[in-house]
Amino acid sequence: MTCEVIDAGGAAGHAGSMTDASTALHPLDDAVRLEPTGPGAYRGATSAAYWNMAGPFGGTTAAILMRAVLDHPQRRGRPVAQTVNFCAAVAEGAFEVTVRLVRDGRSTQHWQVEMLQAGVVVTTASTVTGPDRETWSHAAAAPPKTPPAAQTPVLDTSGRSGWRGRYEFRFERGEPIAGTASPQTPGAALSHSWVRDEPPRPLDYVSLAAICDTFVVKILQVRGDIPPVATVSLSSYFMADEAALARQGARPVLGVADARVFRHGFNDQSAEIWSDDGVLLAVSHQVVWFKG
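Counted the way the working numbering counts, the sequence shown spans residues 16 to 307.
In case anyone wonders, no lab produced these hints; they're calculated from the structure. As the structure is a prediction and not an experimental result, all values here were calculated from the model. No false leads were mixed into what you were given.
Label pairs and their computed distance ranges (CB to CB):
| id | residue 1 | residue 2 | range |
| --- | --- | --- | --- |
| 1 | Pro168 | Val135 | 39 to 45 Å |
| 2 | Tyr252 | Val117 | 17 to 23 Å |
| 3 | Arg262 | Ala104 | 36 to 42 Å |
| 4 | Arg91 | Ala265 | 26 to 32 Å |
Don't be surprised by glycine CBs; every beta carbon is placed ideally from N, CA and C.
My request is simple: use the sequences and hints to build the entire structure.
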């Protein structure tokens, strides 16, 4: 499991050199950097820039597994879906990623991806890619009416190390404030927030896969505290083609997130990612384990 708590620890980890601003990688690109070691095999390392309290931010783990599929020479088309199962805690340091093309059809390719540390599987992913086709289209959903990002205050994350400092958040509603709810008087789970990479980075499928996991665990909003908590499984569906991502560029996207039920130590969490001109870029669903 990967811990998804609001604050971030200061544990050390792998990070590339950021001393030369003209040649330095964006922190996200450094975090997902993979070295090929053989057919469908890669090597990487965790990044201190995206550390969480008990391990790497789960969004970067999803982005790493996305990067591995995108880098595979047999990959055709763009990402359509990704389901990441967080099997065990990812430790600081080196890891290996293996990618296998399970089925290659005319409309879709199906991929199985595994992340291993010391020979033990810690995370798996099932990824679907496929070529874009011109077909009938209909957009039944619409984004909520919210003030633009420029008119929404930036959440103060000063003093927080790790992944929280790698994003700019602007909450229109549902700002995570501890103590505003309780188990006896639960609060609402719905949140609207503008989010972008920090420093700004043009949107692509790697960053979109990570952004799908940037929503604060909903138990904080609903119960007012953060027990031990971890995402178990995260499924993201990418509705945007590459042209839509290119149009969005590095501007903030609007995230709409909600939860429906907390029961037997698990809760659901769903999200929509909208461009700033009202195009649905991605939807995601995850199940979260919590203690107590």
